[in-house]
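Starting from the given sequences, assemble the full structure and let the hints guide the process.
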Amino acid sequence: MLNLCWIILGLPLAAAALISLLVIPFEKASKEKDFFRTLSAWISVLSISAAFILSVILFRQFQAAQGHYGTALEASLPWMNLAGIKMELGILLNPIALIMLLIVNGVAALVTIFSARYMQGEEGYSRYFAALSFFVFAMLGIVLANNLIQIFIFWELVGVASYLLIGFWFQKPSASLASKKAFLTTRVGDAGMMLGILLLFGILVQTGTGTFNFLELETKLHQNALPSGLLTWACIGLFLGAVGKSAQVPLHVWLPDAMEGPTPASALIHAATMVAAGVYMLARLFFLFEMSPVALQVIAWTGVATALIAATIAVVQNDIKKVLAYSTLSQLGYMVMAIGLHHPEAGMFHLVTHAFFKALLFLGAGSLIHALHTQDIWQMSATLNSQKNAGFKKLPITVITFLIGTAALAGIPFTSGFFSKEEILNAASHGPLAIFIASLVVVMLTAYYMGRVLTVVFFSSASKAHGKHPHDIHEDNALVTLPLIILAIFSIAAGYLPFQALLSDDSHAAHPPLWLAILSVSLAVFGLLASFVLYRNKTEDRHAAIFQVPVKIIQEKFYFDHFYDWFVSRIQGGLAIAADFFERKILVAFGTEGTAKLVTAVGSVVRKMQNGWIQTYGLFFVIGWIILISYLIGSGGNS
Amino acid sequence: MIHPTAEHYLVLSGILFSIGLFGLFVRRHILIMLLCLELMLNAANLALITASSVHGQTDGQIVSFFVMVIAAVEVTIGLAIAVLLFKEKNTVDTEQTTSLKG
Amino acid sequence: MATVFFWIASVLAVASALSILFVKKPTRALLALLVCMICLGVLYTLLHAYFVAIVHLIVYAGAVLVLFLFVIMLEGLGATTLPIQRRFSPLHLALTAAAGLIFSFFIVKILCSSKLPALQNAAGTVENLGKNLFTNYLLPFELVAVLILVGIFAAVSLIKPENKKS
Chain D
8 MLNLCWIILG LPLAAAALIS LLVIPFEKAS KEKDFFRTLS AWISVLSISA
58 AFILSVILFR QFQAAQGHYG TALEASLPWM NLAGIKMELG ILLNPIALIM
108 LLIVNGVAAL VTIFSARYMQ GEEGYSRYFA ALSFFVFAML GIVLANNLIQ
158 IFIFWELVGV ASYLLIGFWF QKPSASLASK KAFLTTRVGD AGMMLGILLL
208 FGILVQTGTG TFNFLELETK LHQNALPSGL LTWACIGLFL GAVGKSAQVP
258 LHVWLPDAME GPTPASALIH AATMVAAGVY MLARLFFLFE MSPVALQVIA
308 WTGVATALIA ATIAVVQNDI KKVLAYSTLS QLGYMVMAIG LHHPEAGMFH
358 LVTHAFFKAL LFLGAGSLIH ALHTQDIWQM SATLNSQKNA GFKKLPITVI
408 TFLIGTAALA GIPFTSGFFS KEEILNAASH GPLAIFIASL VVVMLTAYYM
458 GRVLTVVFFS SASKAHGKHP HDIHEDNALV TLPLIILAIF SIAAGYLPFQ
508 ALLSDDSHAA HPPLWLAILS VSLAVFGLLA SFVLYRNKTE DRHAAIFQVP
558 VKIIQEKFYF DHFYDWFVSR IQGGLAIAAD FFERKILVAF GTEGTAKLVT
608 AVGSVVRKMQ NGWIQTYGLF FVIGWIILIS YLIGSGGNS
Chain X
18 MIHPTAEHYL VLSGILFSIG LFGLFVRRHI LIMLLCLELM LNAANLALIT
68 ASSVHGQTDG QIVSFFVMVI AAVEVTIGLA IAVLLFKEKN TVDTEQTTSL
118 KG
Chain Z
77 MATVFFWIAS VLAVASALSI LFVKKPTRAL LALLVCMICL GVLYTLLHAY
127 FVAIVHLIVY AGAVLVLFLF VIMLEGLGAT TLPIQRRFSP LHLALTAAAG
177 LIFSFFIVKI LCSSKLPALQ NAAGTVENLG KNLFTNYLLP FELVAVLILV
227 GIFAAVSLIK PENKKS
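Chains as they are written, first to last, in this note's numbering: chain D, 8 to 646; chain X, 18 to 119; chain Z, 77 to 242.
Since the hints were made in silico from the structure, they are not lab data. Check before you lean on any hint, since a few could be wrong.
Some chain D residues flagged as far from chain X (calculated, every beta-carbon gap over 10 Å) [claimed, not checked]:
| hint | residue |
| --- | --- |
| 1 | V52 |
| 2 | L489 |
| 3 | L536 |
| 4 | V558 |
Lysine to any residue pairs mimicking SDA-like chemistry, simulated, CA-CA at most 20 Å apart [what the hints assert, rightly or not]:
| hint | chain 1 | residue 1 | chain 2 | residue 2 |
| --- | --- | --- | --- | --- |
| 5 | Z | K100 | X | F103 |
| 6 | D | K179 | D | G131 |
| 7 | X | K118 | D | T623 |
| 8 | Z | K207 | Z | V220 |
| 9 | Z | K101 | X | H25 |
| 10 | D | K564 | D | F574 |
Note that beta-carbon positions come from the ideal geometry of N, C-alpha and C, so glycine has one too.
Right under this line is the structure:
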């Protein structure tokens with residue numbers, strides 16, 4: 008079974024290597040670019056689909072071997088073993104990893120197929136597929152990792168892949184800035200994560216040897232009583248990595264900007280998989296976080312704050328991708344919150360369902376953007392609604408799947424999103440009241456902003472003063488629609504799959520209470536209806552005067568970006584100037600240059616001793632001799 | 018008159034040595050410098066003979082013998098060098114021989 | 077009697093040594109050194125080193141100084157007369173004075189404190205010297221012979237004229 012894991016891990020890497028090392032050079036050199044581009048797409052699609060099929064086979068094998076919640080299979084290749092620090096490259100297969108494997112490979116396969124058609128005509132077509140395959144490889148590395156160092160390495164690699172994909176159209180200044188912003192912001196989180204890993208290692212040294220390996224970590228934690236203060240700091244350090252990668256407040260600022268990348272890439276990376284890596288890590292290492300209630304509280308509050316802030320910002324966004332980005336942030340906040348409330352299985356369940364419906368929404372948005380040539384919802388509205396029900400007639404599959412995705416996101420009953428959101432709200436209801444109320448508010452806001460998008464784009468009956476004629480809108484071919492349909496099916500069905508049994512032991516088997524379901528559904532419906540009523544006749548967002556100031560704050564994304572900008576340019580810039588001054592004027596002037604000047608000066612003085620007269624030399628010789636003899640005589644003569 | 022003791026001889030040897038050393042530094046003529054070298058060697062010889070007399074053995078005298086031999090050889094070579102120097106630079110002034118000046 | 081000889085010889089030795097410092101002509105310096113050598117010979121005899129005294133006179137006065145004289149006369153090195161150096165670098169003077177003072181201080185301290193035994197008759201006769209030389213100091217004797225040989229080679233090779241063909 009584990010050999011299969013290695014193959015699954017290696018397939019995307021082979022695809023990425025093949026494309027970047029063989030196909031791209033040939034493509035550059037030849038005139039038949041189309042052939043090579045199709046080749047890249049085929050290589051990518053085949054490898055990732057093969058990885059998915061192998062994952063399914065692996066799943067069946069696991070079930071056949073009667074794996075359940077607690078089973079874990081491990082294989083590792085030793086990398087380095089120095090004086091108690093053991094680093095290895097390994098695979099840890101337990102149910103949570105298996106599920107994640109299926110999700111990552113499945114969604115990646117669908118996105119790759121979608122991109123094959125969506126990205127056609129792009130200059131960097133092959134480069135896109137190389138980066139995409141590389142990303143899948145890095146993500147699988149995180150999923151299968153069996154020790155902290157490996158997860159960190161692949162964490163960073165995923166960041167690199169994200170950088171490559173966000174900055175795909177690097178000639179556009181905004182895109183290259185966004186990719187840098189993403190990388191640097193996650194880097195801040197990663198620094199915290201490294202510190203957490205090392206701190207953890209240090210704490211464990213007192214039990215014998217420190218370790219990075221997950222299974223060893225678990226046994227050591229259960230067997231020893233470790234200082235809780237330091238353990239909390241280590242957990243917070245690790246959580247910082249999740250804050251960066253899963254875009255929690257305050258390191259969330261990169262995700263909206265990451266929408267500069269191609270839409271299918273956003274679907275895969277910034278909806279379904281990479282941002283879920285943080286949640287995955289928290290769930291995988293929950294045995295560690297369990298040990299520190301304080302860290303879990305920090306996690307829960309951060310999650311709920313992210314959910315609330317992101318949902319509020321989503322309400323005022325006009326770019327459809329930005330709405331979806333903030334929606335992702337909000338849902339990630341939900342997942343993180345669930346983990347912080349001692350229910351990692353709820354967080355993972357929501358991660359699974361979210362992967363499906365968010366990828367669906369992004370790909371659907373991509374299809375819309377492709378058809379309507381705009382990302383702004385008001386322009387889409389103007390184009391689509393100049394003719395009654397133009398949406399349904401021209402883009403039927405896109406519209407229907409988009410509706411299904413929205414339903415899942417809002418938590419309409421019988422979609423997968425409904426089930427997972429219930430679990431999370433159930434977890435919140437056992438937590439602090441403030442968190443519970445905030446999560447309910449987020450339910451309503453989620454429904455509201457998605458309803459806003461739906462109403463404006465599809466159901467608007469506003470006056471068509473500036474409506475463009477829907478001339479050439481058509482649905483794209485099967486390569487585009489098929490992934491949408493498959494994802495839509497899963498958005499409904501995923502709630503019924505037997506993941507629960509694998510994700511947790513049966514102690515949490517209690518179903519969410521009925522009153523909770525009624526409450527959340529009514530809030531969602533209220534949000535949808537409110538948005539429908541408010542927006543069906545609008546051609547643009549106009550707010551009453553009393554709302555101007557709060558709206559401005561929300562529109563400026565709570566001034567996070569402004570603050571960071573100020574911080575980096577003033578404080579960090581100031582530090583940089585001070586350090587530069589210190590280095591140039593003090594260290595170099597006294598240190599390197601100073602030493603050189605000193606040596607030159609001394610040399611030019613000493614040089615005068617060599618005046619060529621032997622008498623001078625003789626004099627120094629004799630003086631030295633006298634000093635020696637005097638010392639010898641003075642110290643008693645016993646040399 | 019004070020009867021000479023070993024200290025007197027040693028002091029005399031020291032004085033002669035210092036004069037030779039000083040002469041080496043203040044005279045510029047190469048031959049006179051060589052003469053001062055000889056003076057220094059002889060001062061050392063005197064000290065050796067005194068030491069031999071102090072102990073009542075002839076060892077010091079034998080060593081002074083060797084010193085004399087060495088001095089003779091050294092004079093030979095030193096004069097050869099002085100002659101060559103004079104032939105090269107046409108001067109006996111050591112102040113002119115500064116080609117090793119750094 | 078010996079005391080008188082000692083004092084005359086030592087004063088004369090010091091005087092002639094000092095005069096080496098101050099004469100201009102090399103020939104005069106040479107002669108001054110000759111006087112010094114003779115006085116030293118007297119001193120050696122006073123210390124009962126008879127053989128060494130005679131050898132000293134033969135070697136130095138008879139060979140070394142004559143060699144000097146040959147060089148002065150035949151190579152014309154004596155033509156130039158250079159006086160004693162008058163200009164001294166202040167640094168050099170200071171260094172020398174300091175070193176000299178330190179050194180003299182120690183020497184005086186030692187000489188005033190230590191008490192050497194009285195001078196004995198070391199009986200530096202040929203027979204005694206011979207016995208000691210050829211039993212205890214045989215190896216150095218042979219080595220010194222080699223040294224003389226090397227010196228001869230060195231002197232000859234230095235004076236050898238260069239090949240005109242180069």
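Hint check results:
1. V52: 77 Å, holds
2. L489: 87 Å, holds
3. L536: Per Cβ check, D:L536 is outside 10 Å of chain X; nearest 98 Å; holds.
4. V558: 82 Å, holds
5. Z:K100 / X:F103: Status holds; Cα separation ~18 Å.
6. D:K179 / D:G131: Measuring from Cα to Cα gives roughly 14 Å; hence the hint holds.
7. X:K118 / D:T623: 11 Å, holds
8. Z:K207 / Z:V220: Judged against 20 Å, a Cα distance of about 18 Å means the pair holds.
9. Z:K101 / X:H25: 32 Å, violated
10. D:K564 / D:F574: Roughly 16 Å separates the two Cα atoms, so the pair holds.
Checked against the numbered hints listed earlier, the structure breaks hint 9 alone; every other hint is satisfied.
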